[in-house]
Amino acid sequence: MGAGHGHTLHFHGHSAVHRAPAHLKIVALVAFMVVVVATPREWFAAYAGFLVVLLGVVALSRVPPTYLLKRMVVEVPFVLFALLLPFVAHGERVEVLGVSVSGPGLLAAWALLAKGTLGVLASLTLAATTEPQALLRGLERLRLPSLLVQIMGFMIRYLEVVTTELQRMRVARESRGFSARNPRHWPVLARSMGSLFIRSYERGERVHLAMLSRGYTGTMPR
Amino acid sequence: MHVPDGFLDAPTSVGTGVVAAAAVGLALRGARRELDDRTAPLAGLVAAFVFATQMLNFPVAAGTTGHLMGGAIAAVLVGPWTGVLCTSVVFVVQALLFADGGITALGTNIVLMGVVTCAVGWGVFRLLQAVLPKRVSMVPLAAGIGAFVSVPAAALVFVGLYAVGGVAPLPLDNLTTAMLGVHLLIGVGEGVITFLAVGSIIAVRPDLVHGARRVLAQRTLEVRTSPTASAA
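So the sequences go chain by chain: R and X.
Numbers given in this note's numbering equal positions in the first sequence, counted from 1, plus 914.
Numbers given in this note's numbering equal positions in the second sequence, counted from 1, plus 179.
Next up, chain R with everything else stripped away, as it sits in the complex (with noise of 0.2 Å):
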């Protein structure tokens, strides 16, 4: 979803997690998540196990768990998902305060729910501590494609641009007594589109340029 995005999530700090090597980091990330969803939805000991690791890593970090609770409304798409899932799912009905749902697709919810919220908070705490140059050099040294993190590196770089851009023409729009409310606005927001891919292709001629013009050859100077 497109909400709330804009802004790195990077939270400033100088703990153990901070300071750990960006790398490690990612690789720990992908592990314990594949932990998590390999785990059967079943061993309920098991996840309250997961989630005893994930806070002791976030208090470790110091950062602030209502840092990390308010930017979790990203999961809230799913959570709404899992909450239909028990009324729609086939299988043996159970009844749960008076209500028949279906008892397999309580079970379904339980494990999206545990699943999903565990790794909105994992990835929610590497992105919290790790800074996106530290994030490039990391994928880098995992033997990423040079070209990838060039380019990765590249639309980090200029996101705040872009998306400033953007937020201008809002306010250019907005000043002018415009204001989206139905489908008939869609061709202004239209054209605001192609004049935001038109400047962000042509500064990315222009960087390019600047880059020769400072001897590049392919690869970044460290």
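Read the hints as simulated data drawn from the structure, not as lab findings.
Keep in mind that a hint or two might mislead.
Said to hold, decoys possible - Below, a sample of chain X positions facing chain R; criterion: calculated Cβ distance under 8 Å:
no., residue
1, Phe186
2, Leu207
3, Gly209
4, Glu213
5, Pro220
6, Tyr341
These numbers were taken from a predicted model, which means no experiment stands behind them.
The beta carbon of each residue, even a glycine, is placed where N, CA and C say it ideally should be.
Chain R is already provided as a structure; the job is to place chain X on it using the hints.
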């Protein structure tokens, strides 16, 4: 809508991860052909653009808004390989820096919303270009229809993945109808917005639209003299 962790089981997630890695590897080579040494800065800026378009909300009705997925429009604007590359990079950055979309579901998200939307969007676009008259004005139309088809196609692939590795015992026929119904509607929005946006770019800088290059190459130089200009 990004797939979170735990939506598909571990083997399926690993499988889509392998497919996504292979697709990104191919896209890296393809993008070098489309952009050569401009690849890093241009693909990076286009990825930032795709990210930003997902923040531009279009009002639908009764206070609800939607935004573009952007796979098909990226494929038409910068070429299919660069399109796959840019959307994939967006998903990686969203998963790692914004906790949007599960890290184990990254492969699934790249395959569904990057590879499938770009491939289907571009495929339909090229098919329509072959059928429709070769005029610049037809490019936005073909792009819009391609974008419209790409969304339900991605939803169908998701249902297919769910049939293989879904964790909840949902009746598949119900899931298929629900997903198709919702995504046909989303597809209409995606198609209309893509049509309008590509049209606005074609009007200003047709040379930037990758999908319009063949049509532009066929245009011949036309010298128009106006009576007022010759009088002056």
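Cross-check of the supplied hints:
The criterion of a C-beta within 8 Å of any C-beta in chain R is met by Phe186(X), whose closest approach is roughly 7 Å, and the hint holds. Here the hint on Leu207(X) is kept, as its CB sits about 6 Å from the closest CB of chain R, short of 8 Å. With 8 Å as the threshold, the beta carbon of Gly209(X) stays out of range of chain R, its nearest partner Cβ sitting at about 12 Å, so the hint is violated. The interface hint given for Glu213(X) is violated, since its Cβ lies 13 Å from the closest Cβ of chain R, which is over the 8 Å cut-off.
Checking Pro220(X) against chain R by beta carbon gives a least distance of about 4 Å; that is within 8 Å, so the hint holds. At a threshold of 8 Å, the smallest CB-CB gap from Tyr341(X) to chain R is about 12 Å, leaving the interface hint violated.
When the structure is compared with the earlier hints, violations turn up for hints 3, 4, 6 and for no others.
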